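Enquirer: If you read the sequences in order, they're chains A and B.
First residue of the first sequence? That's 89 in the numbering used here, and the numbers climb one at a time after it.
First residue of the second sequence? That's 89 in the numbering used here, and the numbers climb one at a time after it.
Source of the hints: derived by calculation from the structure; they are not laboratory data.
Everything numeric in this text was worked out from a predicted model, so none of it was measured.
There could be a bad hint or two in this list.
One copy or any two copies: either way a pair holds, since identical chains are not told apart in the list.
Said to hold, decoys possible - Listed below are the simulated SDA-like cross-link pairs for lysine to any residue, each with C-alpha atoms no more than 20 Å apart in a straight line:
1) 109 to 120
2) 381 to 228
3) 238 to 206
4) 238 to 172
5) 238 to 385
6) 219 to 363
7) 238 to 378
8) 381 to 367
9) 219 to 366
10) 109 to 138
11) 381 to 369
12) 109 to 126
13) 352 to 279
14) 169 to 126
15) 381 to 370
2 protein chains.
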Amino acid sequence: MMSPHSLTVSLIQHRCVADVKGNQDTISEQIANAASQGAQLILLQELHNSLYFCQTESPAFFDLAESIPGPSTEQLAALAKQHQLVIVASLFERRAAGLYHNTAVVFESDGSIAGQYRKMHIPDDPGFYEKFYFTPGDLGFQPVQTSLGKLGVLVCWDQWYPEAARLMTLAGADLLLYPTAIGWDRREPEDDQVRQREAWMTIQRSHAIANALPTLVCNRTGFEASPEEPEIGIDFWGSSFVCGPQGEILTQAPADEPCLLTVKLDMAQTEAVRRMWPFMRDRRIDAYTDLTKRFRD
Amino acid sequence: MMSPHSLTVSLIQHRCVADVKGNQDTISEQIANAASQGAQLILLQELHNSLYFCQTESPAFFDLAESIPGPSTEQLAALAKQHQLVIVASLFERRAAGLYHNTAVVFESDGSIAGQYRKMHIPDDPGFYEKFYFTPGDLGFQPVQTSLGKLGVLVCWDQWYPEAARLMTLAGADLLLYPTAIGWDRREPEDDQVRQREAWMTIQRSHAIANALPTLVCNRTGFEASPEEPEIGIDFWGSSFVCGPQGEILTQAPADEPCLLTVKLDMAQTEAVRRMWPFMRDRRIDAYTDLTKRFRD
Numbered sequence: 089m090m091s092p093h094s095l096t097v098s099l100i101q102h103r104c105v106a107d108v109k110g111n112q113d114t115i116s117e118q119i120a121n122a123a124s125q126g127a128q129l130i131l132l133q134e135l136h137n138s139l140y141f142c143q144t145e146s147p148a149f150f151d152l153a154e155s156i157p158g159p160s161t162e163q164l165a166a167l168a169k170q171h172q173l174v175i176v177a178s179l180f181e182r183r184a185a186g187l188y189h190n191t192a193v194v195f196e197s198d199g200s201i202a203g204q205y206r207k208m209h210i211p212d213d214p215g216f217y218e219k220f221y222f223t224p225g226d227l228g229f230q231p232v233q234t235s236l237g238k239l240g241v242l243v244c245w246d247q248w249y250p251e252a253a254r255l256m257t258l259a260g261a262d263l264l265l266y267p268t269a270i271g272w273d274r275r276e277p278e279d280d281q282v283r284q285r286e287a288w289m290t291i292q293r294s295h296a297i298a299n300a301l302p303t304l305v306c307n308r309t310g311f312e313a314s315p316e317e318p319e320i321g322i323d324f325w326g327s328s329f330v331c332g333p334q335g336e337i338l339t340q341a342p343a344d345e346p347c348l349l350t351v352k353l354d355m356a357q358t359e360a361v362r363r364m365w366p367f368m369r370d371r372r373i374d375a376y377t378d379l380t381k382r383f384r385d
Numbered sequence: 089m090m091s092p093h094s095l096t097v098s099l100i101q102h103r104c105v106a107d108v109k110g111n112q113d114t115i116s117e118q119i120a121n122a123a124s125q126g127a128q129l130i131l132l133q134e135l136h137n138s139l140y141f142c143q144t145e146s147p148a149f150f151d152l153a154e155s156i157p158g159p160s161t162e163q164l165a166a167l168a169k170q171h172q173l174v175i176v177a178s179l180f181e182r183r184a185a186g187l188y189h190n191t192a193v194v195f196e197s198d199g200s201i202a203g204q205y206r207k208m209h210i211p212d213d214p215g216f217y218e219k220f221y222f223t224p225g226d227l228g229f230q231p232v233q234t235s236l237g238k239l240g241v242l243v244c245w246d247q248w249y250p251e252a253a254r255l256m257t258l259a260g261a262d263l264l265l266y267p268t269a270i271g272w273d274r275r276e277p278e279d280d281q282v283r284q285r286e287a288w289m290t291i292q293r294s295h296a297i298a299n300a301l302p303t304l305v306c307n308r309t310g311f312e313a314s315p316e317e318p319e320i321g322i323d324f325w326g327s328s329f330v331c332g333p334q335g336e337i338l339t340q341a342p343a344d345e346p347c348l349l350t351v352k353l354d355m356a357q358t359e360a361v362r363r364m365w366p367f368m369r370d371r372r373i374d375a376y377t378d379l380t381k382r383f384r385d
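With the hints as extra help, turn the sequences into a complete structure.
Expert: Below is the structure:
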């Protein structure tokens, strides 16, 4: 029951370019590198195939969307099969005309699609106009069963919601995984920037702690200019990381460089930690009903 | 609406002794010191009037419990009135014969009782046998209205539950406050100890972040021997802290020393942060129903 078993995971943090093929080539090369390092599971960053187009609201960008399955899933499925590893990817899904999602797709090591997750919490603030592009997910918070365990895949803005991580945990997730695309507005003072990144790390480490689950976070890096005002844009802060079930940082990428981040996880730790800190035993489910309210007024 | 207003808070971290009067004298003296520093709100540590008696299960320790109101609330009410400040205290409540709670009591600056909170999540693990002593709270997660705002008072083990902080927030809390009593087993390796304290800080900072609320945490310090095995016991790790609404540490006490920790909060920050990171806007309340389940199996 507590037999040790390890899981080697790789996160691919990279700079995106306008050319989709260029991004796919980077990913393909880094997956091969990860495989040579013994990776069994790959986590890619959010919307890894393109620049982060949500800096502006432009109907033309819907051309970047694809059906699932589609050309991108075929390419990723082939990589999963070739290297015999599980891949968690993040795509701009065209489900129907006028119906688009921000969708994570999980590929089994035989090249099949194990499952998908449609981003549930959609942000919208200056520079991150996602509500224009993405219909909120309708698949709920369901982990994806794979040969490596149940993957609690969530996407970016979901990272601020303890509810999402908890629901994945209650459904038996063995890991939490966050493809993400977050960065700084260069015009903000440095102390604001430091506080933002620290908050982003802290909240995701807290999901690991609250649920005693290893947590993987893969962010993009590099500056991407705004299509409307090229002198401004987003400095994606990289800093992809993996933490253990007490939130302890196991490995972390730099802020401003591409990075292939590989680490071996001890998957028996979750049970060991939960025996010491049995949070699930004591949840007051009789008193949580109002969590489904917008506000208790 | 966003007019700046400040709130000066003081946390009293101290070593407890067996003599209740000794602890009350320490608290009385430190509240006077805090008042002279301009404190408007005092947060005391969990069960500050006694040693942490839950290291063993002994029916005799129920003698420490008191009715509310009772002698301890009278003493604390007098201090609140004398110094004209709000006090958040933590008492062992005797509600009826055989019915005891771990109860936080909030005193208004005129000496009246503003409200109380009965600890909802009750731990039980070696050295912390709280399920023997405390009936789980039945007042739910309701902040206490005071002249200084709505206080989201929770107690110790509650700190591991994002649900508790969220419910306080949804009910309009302006601050989160945690009286706590947590420490190390000296027999554990140092790296385990470091990880535990870091997890404890991280999860509480995460409640500040998820809810954009300043968060106050007051822990006891010092070694308390086990009544059964005096060579073992709990090294309470102090480290009381106050963080702002992005989880940024504003001030922190040492691990192994008593400390009066005073800091001025900018209460306009919550609104400013929520305008930038409007997490409450995007909660998927349509998909949170299963949070009231024990497990989704």
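Enquirer: Checked against the structure, which of the hints given earlier come out wrong?
Expert: 12
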